[in-house]
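Student: Taken in sequence, the protein lines are chains E and V.
The numbers in UniProt numbering rise by one with no breaks, and the one at position 489 of the first sequence is 489.
The numbers in UniProt numbering rise by one with no breaks, and the one at position 230 of the second sequence is 230.
The set of hints was computed from the structure by calculation and includes no laboratory data.
Treat the numbers as computed from the prediction; the structure is a model and nothing was measured.
Beta carbons are placed, not taken as given, at the ideal position from N, Cα and C, and that holds for glycine.
There are no misleading hints in this set.
Per label pair, the in silico range of CB-to-CB distance: (1) E:263 <-> V:57: 51 to 57 Å; (2) E:496 <-> V:234: 35 to 41 Å; (3) E:48 <-> V:369: 39 to 45 Å; (4) E:394 <-> V:442: 17 to 23 Å; (5) E:19 <-> V:118: 52 to 58 Å; (6) E:481 <-> V:158: 45 to 51 Å; (7) V:360 <-> E:44: 32 to 38 Å; (8) E:437 <-> V:493: 37 to 43 Å; (9) E:390 <-> V:173: 55 to 61 Å; (10) E:421 <-> V:173: 55 to 61 Å; (11) E:496 <-> V:61: 21 to 27 Å; (12) V:496 <-> E:53: 15 to 21 Å.
There are 2 protein chains.
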Amino acid sequence: MAPSEPNAIPFRAKGEIPQFKEEKEGWEGYIEWEKYPEKKKQVEALLKQYDFPDPPEFQMVPLPKTNPVLTGERWKQYHSAIGLDHIVDESWRVVQNEKSADMTHVLQFPYNGEAPGDRLIKTEITPNKDHFVRNHGGVPSISADAYTLDITGLVKNPTTLTLAQLQDETLFPRQTNTVTIQCSGTRRIEQIHSYPGDGDELINAPWGEGAISTARWTGVSLKKVIKHCGGLLSPADNLEFFGADTYFKKGQVYNYAVSVPWRKVQANEVLLAWEMNGEPLPRIHGYPLRVVVFGYIGARSVKWLYEVRAIKGPSEAPVQKKEYLYYTPQVGKQNALYSNGFSIQDMPVSSAIISPVTMDQVVHQGRVKVKGWAYSGGGHWPVRVEVSGDGGSIWYEVPYENMSTKYYYAWRLWEVDLPVDAEGWLELCVRTWDNAMNTQPTYVRSAWNWDLHVTSSAHRIKVYSINTSKPATAARMKQLEAAGLSIYPITRPLKIELESDEDYDREMAARGGRDPLE
Amino acid sequence: MAPSEPNAIPFRAKGEIPQFKEEKEGWEGYIEWEKYPEKKKQVEALLKQYDFPDPPEFQMVPLPKTNPVLTGERWKQYHSAIGLDHIVDESWRVVQNEKSADMTHVLQFPYNGEAPGDRLIKTEITPNKDHFVRNHGGVPSISADAYTLDITGLVKNPTTLTLAQLQDETLFPRQTNTVTIQCSGTRRIEQIHSYPGDGDELINAPWGEGAISTARWTGVSLKKVIKHCGGLLSPADNLEFFGADTYFKKGQVYNYAVSVPWRKVQANEVLLAWEMNGEPLPRIHGYPLRVVVFGYIGARSVKWLYEVRAIKGPSEAPVQKKEYLYYTPQVGKQNALYSNGFSIQDMPVSSAIISPVTMDQVVHQGRVKVKGWAYSGGGHWPVRVEVSGDGGSIWYEVPYENMSTKYYYAWRLWEVDLPVDAEGWLELCVRTWDNAMNTQPTYVRSAWNWDLHVTSSAHRIKVYSINTSKPATAARMKQLEAAGLSIYPITRPLKIELESDEDYDREMAARGGRDPLE
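Full structure from sequences and hints, please.
Tutor: Quick look at the structure:
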């Protein structure tokens with residue numbers, strides 16, 4: 001499917017592949033690693049026996065025109081090497097059951113997918129089947145009845161709660177919030193197209209503008225749950241989340257784990273959610289229970305949550321400590337450390353033009369309809385959206401009546417009839433201002449970073465403008481119509497003459513010929 | 001070879017293909033069209049019977065990674081449709097006989113090719129086998145003994161001259177000039193990469209930086225030949241050149257024809273040449289006689305010259321009137337006319353970085369060797385070359401001792417040790433100033449034009465800088481060496497840890513942790 005990626009190669013296993021059991025009944029596809037250091041060591045030894053192929057090169061060369069764009073052979077092989085092929089296969093079946101058929105599968109496994117642009121911005125609330133998915137491992141199958149959540153670590157009363165208990169409104173007030181979740185990979189393709197970057201073993205998926213979606217999430221504020229456990233014990237200041245998916249980093253295996261500061265939880269901005277748009281969570285989105293962290297990078301909104309642990313300082317787990325780092329442009333393979341990048345938590349202000357799409361050739365009469373989304377994380381919201389038809393010299397404000405509802409934690413959709421007089425290739429761009437008057441960096445180059453995260457610069461597309469309110473263009477369109485020809489694509493040769501000999505001679509005489517008089 | 005281009009399709013000829021004869025003995029592959037209007041009409045009728053396939057799309061999608069890059073099926077089929085397949089086959093044989101094996105064949109037929117960059121700038125004078133070729137049709141085979149040149153039109157004494165007469169130094173003084181010839185397609189690939197443009201029926205070949213070369217040409221000044229014919233008659237002010245190659249335009253057939261103003265000839269800047277670097281012209285370069293117009297677009301330097309005609313005004317032939325036009329960026333398929341573009345004659349100041357090449361990842365100790373060429377047409381010459389390591393903010397002058405000889409009509413090669421402190425992706429660029437203080441447009445965008453000619457903006461490449469004079473980078477290089485790993489390519493995942501837990505903890509303590517104190 002993705003020809004640039006190597007096919008699965010047969011493994012040269014030196015020992016028999018152990019069968020890592022699912023530890024908990026009713027939790028299929030969930031291998032518990034964190035409580036079993038000996039199993040982790042066994043995997044480390046096992047993975048050392050294999051020479052996994054290099055991930056496919058897709059940054060130095062054009063992306064494959066396939067769907068899935070990338071298949072994730074290396075990640076599949078990690079699973080295969082430790083006897084977990086069935087998780088890979090099952091995960092793809094879940095995609096086909098739960099997601100729209102026309103998703104762009106930017107990575108087949110672990111599954112990463114985004115909806116086509118026109119549907120992405122059709123509604124303020126994204127339908128579940130169109131909501132983007134950025135998974136880091138396989139999809140487990142967890143029975144709601146068997147489900148339990150452990151609250152551990154530096155809490156006064158470590159507790160295990162069933163889903164029924166969490167949903168018991170006499171114990172916990174229920175809340176519903178409209179929240180946009182955004183992957184820090186959104187619009188990564190623009191950074192890749194500009195400059196190659198991190199070749200991570202978990203491929204940095206080539207996202208377009210669709211790794212962002214909005215849903216109404218229902219659940220309980222984690223603050224109330226911690227309160228229920230008697231509160232934190234000193235010196236706890238962060239909460240670590242563990243998900244049932246399996247993650248790999250430099251030859252070691254983990255359950256997916258990240259953390260958020262207690263301050264964030266205290267602000268009632270961390271929800272333990274079991275409903276998405278009024279329906280039980282789809283399996284691919286974390287059934288039966290997931291975290292939803294408002295205004296943060298999606299990576300903290302852990303799916304298939306099985307444990308919340310109160311700790312001192314951020315999680316030492318690889319996704320928190322060693323991934324989702326934001327570097328200055330002079331940092332890269334030659335000098336990147338874990339400590340010299342920002343740890344991405346709050347997401348900055350950003351926006352994207354979804355229609356038209358780059359390279360479109362647009363016939364219009366002086367105005368082009370431009371549509372898209374605008375978002376700001378960290379509790380900020382988009383106040384003003386500005387669109388430019390000349391690469392960012394003159395900006396037009398989107399009228400407020402063309403912007404969707406304001407929420408503290410969600411995007412706004414917008415559209416504008418942009419005045420476009422000029423013809424030929426134009427650079428259309430958008431920038432958004434949030435309520436703290438933050439706006440977006442000017443160019444991709446202004447904020448390119450080695451790990452290719454957070455592409456938040458003014459979004460720019462190339463559009464070929466054909467303005468039929470111009471007499472010369474109107475004449476050509478008539479000429480094409482008479483000859484039964486199309487203006488599209490512009491790179492197809494014109495079969496007709498551009499100008500009659502008579503017109504040419506008249507025009508040349510008027511211009512005083514090609515050469516000076518004397 | 002070029003998978004994006006359709007294979008030759010069988011023709012649905014409704015009539016028998018006529019055998020168009022070579023009119024002159026000793027002139028193989030030369031079909032005379034211009035003196036035979038009835039033959040031209042016959043071809044027009046014949047071509048109408050075919051539905052030629054669209055040329056391949058290579059502007060909206062990535063270029064094929066093949067060599068030939070494009071094969072020119074459509075142009076081959078034009079020849080095939082009128083029974084001239086043998087010219088196509090013979091032309092490719094000539095390429096293989098006369099040109100270096102490692103040329104980049106940007107178009108197989110009509111042949112367009114450029115030498116690899118390292119050889120292109122190895123010597124001030126380009127070896128014949130490495131000199132770029134931009135042909136518009138097939139390569140004829142003309143016997144020097146049978147060769148004649150007709151001087152016709154508005155001259156006092158229309159004359160036919162043999163090669164022996166032209167070479168007779170008692171009739172004509174012989175001269176040798178060092179002249180750079182440049183195709184207006186040089187660096188076209190940068191315009192294509194930025195924005196698609198004209199889909200011409202004679203494919204606009206995707207040239208790199210090598211459609212420019214320099215030779216010492218020997219022959220006779222056309223001024224002397226015209227004088228020999230008694231001079232021009234009023235109102236002649238242009239000289240039209242006819243070549244023996246066959247050209248097509250919108251369903252009609254021609255011999256290749258263009259013109260230059262008499263003023264240009266009077267300045268002794270138009271040579272009729274039979275020698276290239278001390279050897280008889282190679283067949284592919286116009287044997288036995290060609291025009292060399294100093295400082296003009298290469299298209300006026302007609303090969304296989306059989307006639308010079310004195311006329312009033314520029315040539316009405318399609319290459320002069322309807323090709324090599326330079327439009328303003330708002331002109332394109334929707335409104336382009338023949339009369340609203342400049343006719344490209346004099347070439348402007350331009351330059352290119354040949355080493356390093358774009359996307360190179362360069363390990364250095366604070367200085368990067370940068371090399372290239374600089375040229376200005378129209379009788380100007382490059383005086384100053386400036387190179388920037390930061391996209392054009394700070395410019396370094398190339399020391400004059402690092403620039404090759406000054407000529408009135410030739411390029412200068414240059415090299416410089418550019419100070420580079422920064423790491424990561426940098427934009428290196430070059431601009432040249434000529435003796436009239438003309439310099440290059442800033443960006444491709446500044447001078448993009450529909451026909452994709454004359455890409456003369458400051459040449460920019462992307463280079464990933466790895467500066468080992470920086471301690472952090474030196475440490476990483478040591479770490480890689482110890483692990484037996486390479487820094488190349490930068491997109492291959494690092495197998496080693498970026499930082500030990502101990503170093504991370506120390507660093508984080510020094511930074512005061514990830515989060516604020518209170």
